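*Asks:* The residues making up each chain are set out below.
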Amino acid sequence: MTKKVRKKKRRGLDNQIGQSHTETMLQLSGNSVPLEAVVSSLVDLRKGDAAVLHHIELPGEEARRLMELGFLPGSRITAGFSAPGGDPRVFQVDGSEIALRRETASRLKVTLDRKTGKAGKTGKTPRVP
Amino acid sequence: MSECSDCPGCGSAAVVELPRSRALKTVALVGPPNSGKTTLFNRLTGLRQKVANFPGVTVEQHSGLAELADGRTVRIVDLPGIYSMAPRSEDEQVAHDVLTGKRGDAPEAVLLVLDSTNLARHLMLAAPILSLGKPTLVILNMADDLRNRGGNLDLKALSAQLGAPVALINARGGEGLGQVFDFLAGAMPKPQPKELPVLQDIPKCRQWAGSVGSKAGYRAPAPPKWTRRLDAVFLHPVAGPVIFILVLYQVFRAIFVAAAPLTDGVKFLFDLSGNWVASALPDSLLRSLLIKGVWQGVGSVVVFLPQVLMLFLFIGILEDSGYLARAALIADRTMAKVGLQGKSFIPLLSAYGCAVPAILATRTIENKRDRYATILIAPFMTCSARLPVYTLLIAAFIPAHPLLGSFLDAQVMALLGLYVLGFLAAVVTARILKSSVLKSVRTPFLLEMPSYRWPTVQSLGLRLLDRATVFLRRAGTVILTVTVILWVMEHLPYSHGKPPEIADSLAGTIGRTIEPAIKPLGFNWKIGIGLLTSLAARETIVSTLGEIYGMDSESHKLELQNALHRDLTPGGAFALLVFFAFAMQCISTIAVVRRETGGWQWPALQFAYMGVLAYAGAFVAAHVIH
Chain A
1 MTKKVRKKKR RGLDNQIGQS HTETMLQLSG NSVPLEAVVS SLVDLRKGDA AVLHHIELPG
61 EEARRLMELG FLPGSRITAG FSAPGGDPRV FQVDGSEIAL RRETASRLKV TLDRKTGKAG
121 KTGKTPRVP
Chain B
1 MSECSDCPGC GSAAVVELPR SRALKTVALV GPPNSGKTTL FNRLTGLRQK VANFPGVTVE
61 QHSGLAELAD GRTVRIVDLP GIYSMAPRSE DEQVAHDVLT GKRGDAPEAV LLVLDSTNLA
121 RHLMLAAPIL SLGKPTLVIL NMADDLRNRG GNLDLKALSA QLGAPVALIN ARGGEGLGQV
181 FDFLAGAMPK PQPKELPVLQ DIPKCRQWAG SVGSKAGYRA PAPPKWTRRL DAVFLHPVAG
241 PVIFILVLYQ VFRAIFVAAA PLTDGVKFLF DLSGNWVASA LPDSLLRSLL IKGVWQGVGS
301 VVVFLPQVLM LFLFIGILED SGYLARAALI ADRTMAKVGL QGKSFIPLLS AYGCAVPAIL
361 ATRTIENKRD RYATILIAPF MTCSARLPVY TLLIAAFIPA HPLLGSFLDA QVMALLGLYV
421 LGFLAAVVTA RILKSSVLKS VRTPFLLEMP SYRWPTVQSL GLRLLDRATV FLRRAGTVIL
481 TVTVILWVME HLPYSHGKPP EIADSLAGTI GRTIEPAIKP LGFNWKIGIG LLTSLAARET
541 IVSTLGEIYG MDSESHKLEL QNALHRDLTP GGAFALLVFF AFAMQCISTI AVVRRETGGW
601 QWPALQFAYM GVLAYAGAFV AAHVIH
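Chains as they are written, first to last, in the numbering used here: chain A, 1 to 129; chain B, 1 to 626.
Do not rely on the hints blindly, as some may be mistaken.
What the hints assert, rightly or not - A few chain B positions that, by computed beta-carbon distances, are all more than 12 Å from chain A:
1. His122
2. Lys156
3. Glu175
4. Cys205
5. His236
6. Arg253
7. Phe397
8. Thr429
9. Lys434
10. Arg442
11. Ser451
12. Leu460
13. Tyr609
14. Val612
As the list claims (entries may be wrong) - Simulated crosslink set (DSS-like; lysine-lysine; CA at most 30 Å straight-line):
15. B:Lys134 to B:Lys102
16. B:Lys368 to B:Lys50
17. B:Lys368 to B:Lys337
18. B:Lys50 to B:Lys225
19. B:Lys102 to B:Lys194
20. B:Lys194 to B:Lys156
21. B:Lys225 to A:Lys47
22. B:Lys194 to B:Lys204
23. A:Lys109 to B:Lys439
24. A:Lys109 to B:Lys204
25. B:Lys225 to B:Lys215
26. A:Lys109 to B:Lys225
27. A:Lys109 to B:Lys337
28. B:Lys50 to B:Lys156
29. B:Lys215 to B:Lys204
30. B:Lys368 to B:Lys102
31. B:Lys337 to B:Lys434
32. A:Lys109 to B:Lys368
33. A:Lys47 to B:Lys337
Honestly, the hints are just simulated from the structure, not real lab data. If you're wondering where the values come from, they're calculated on a predicted model, not measured in any experiment. Where a beta carbon is used, it is the ideal one built from N, C-alpha and C, also for glycine.
Please put together the full structure from these sequences, using the hints given.
*Replies:* See the structure below:
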């Protein structure tokens, strides 16, 4: 993937965050402190982006299975390759690669830190604090 | 954590404790999916259970005996992979029930197999397993991968942390098995009870696993470089699907083109041995049974052995390399559209080999309705038993004619088309089922992507040997029996010391009785007999036709392919192909569906539905082409 393409997609991500923030009236903080963590979902991650899992919006049993696979609050998740069309996508979490459908990924809420987002590209094994 | 963990000498001291003399009786292999339990099982017992490089290959408990150096034996039970002791799917339930003693006797000890390249997460399973209180050997598998990718850990420290002996092995290469045998011989101590985390609390468990790992100096290996590189190609938005289709096309081409000399070789051997038997025996009923029945009948099926093996060779390479999980990922969208989940894709893919293991493999699907839908559509996938029928008819009716220059071959495309036809029938059926009787809420789809690995020649060789055995066993049992029964029916009623003309025989009479029903499809009574015998197993129609033509005074000198031209129009041949693509002609599949769904209603529904579809499809086919 060329740099140009990625830049374009990034803008899409920013747009989405902007939208959700107008709704929740947090636009000011979101815009003035760009490096601060913002809540978003795994779906918003592009290939190579990393984020920290905040919480899972799924019923207990389903959340449990995800947690057993390493999707624990506080763990670093990096978005990887996807099937054509971007769904499902492979996520690197806790040393494994796990494919999730868009509908599931959208329930995994993450705090997006753009600083660490860059670190995700190097493909470092995410750690649990 | 107990105080003991602070003392580094503790673990090693525990390991060299005096060996107990009594060997263990029953030991269970437990571990997360795709950690290599079955590979180790095969190593320990010398058995050949199926292994492949994706999670969820083992769905049943298998047991075998491991022989110790002193001749004593230990029963090893191989279990399906689990992530925790909270089972969700059928296969996890099996593992859970065996461990807790709900299914047979509880095992005396446990071999906990973990993937050493992802130890921190896999150690989470150690907490519930160690808390069972059984003697446990913690086995860290894939030592070769760990080393090659620069990972490291201190085994003694880990053993001290867990309070259980630890062995680092490479089950594929057979490295480090000595320690496992020592454990089986009872030469290793019971686990020292350690403070374990609360099992219900997953974050706590993970934290515990992480701290155990870091105290044992675990350095996670670098991410698999080659897996990333290969995924960049195989999961490329454009190249990925193109490669997927090219791979598929090459598989079919190999079945037709590359297997041809081997098929000719087998055929030559059969002709040679047939002639030899014919010349060695006097003209008698026995000679007729042997030559016209067994050699012509069974032989016409056995010549397809190289093609079937070629198919399994490719399936084996795809499975062992880890590409299959990627194919499941690419296909998930299509699966989602018809209401199924990506997990259904792996059983469906294995149904291209045979529907029976595919139906067993559906046990990994947590949602019962999804599972039943997958079971019901699995027999539509083109199994290897259809291959002899397809290739026989295609070779007889479609000229080897290049399309689009010499890039595509008409015969290969016809075969590919039949596979697509079966797939479409499966997809449409799934759609109907999932929007009616088997409607359900969608469950999250999770699929762990394995790293790519080189398929080993040994593993592929063993698979082919197994498949060849299965194929020949079927030829020697089901097909031989049907062939002999048919031969008897062709020789009755016996009058004036001579068998009747085949058309007037018992078999011929039955065939002619059902002829009116199959006439609209373009089939005559000879094909009708083949349809009846193929209810036992699909490829039986080939042996039946071989036998009938061998018996028929007019056609017995012709090759099977040429003889078919006398009885089938191109329209009829097309109809027959469509009929075989849709019909459920397999007793073993019906039996396994009954077992897995716990009653006759689903297999009965399936048989009727597929039968009606086959008849209707063949009817349309016969009238489209004249």
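*Asks:* For which of the previously enumerated hints does the structure constitute a violation, in increasing order of number?
*Replies:* Checked against the structure, the hints that fail are numbers 1, 4, 5, 10, 11, 28, while the rest are satisfied.
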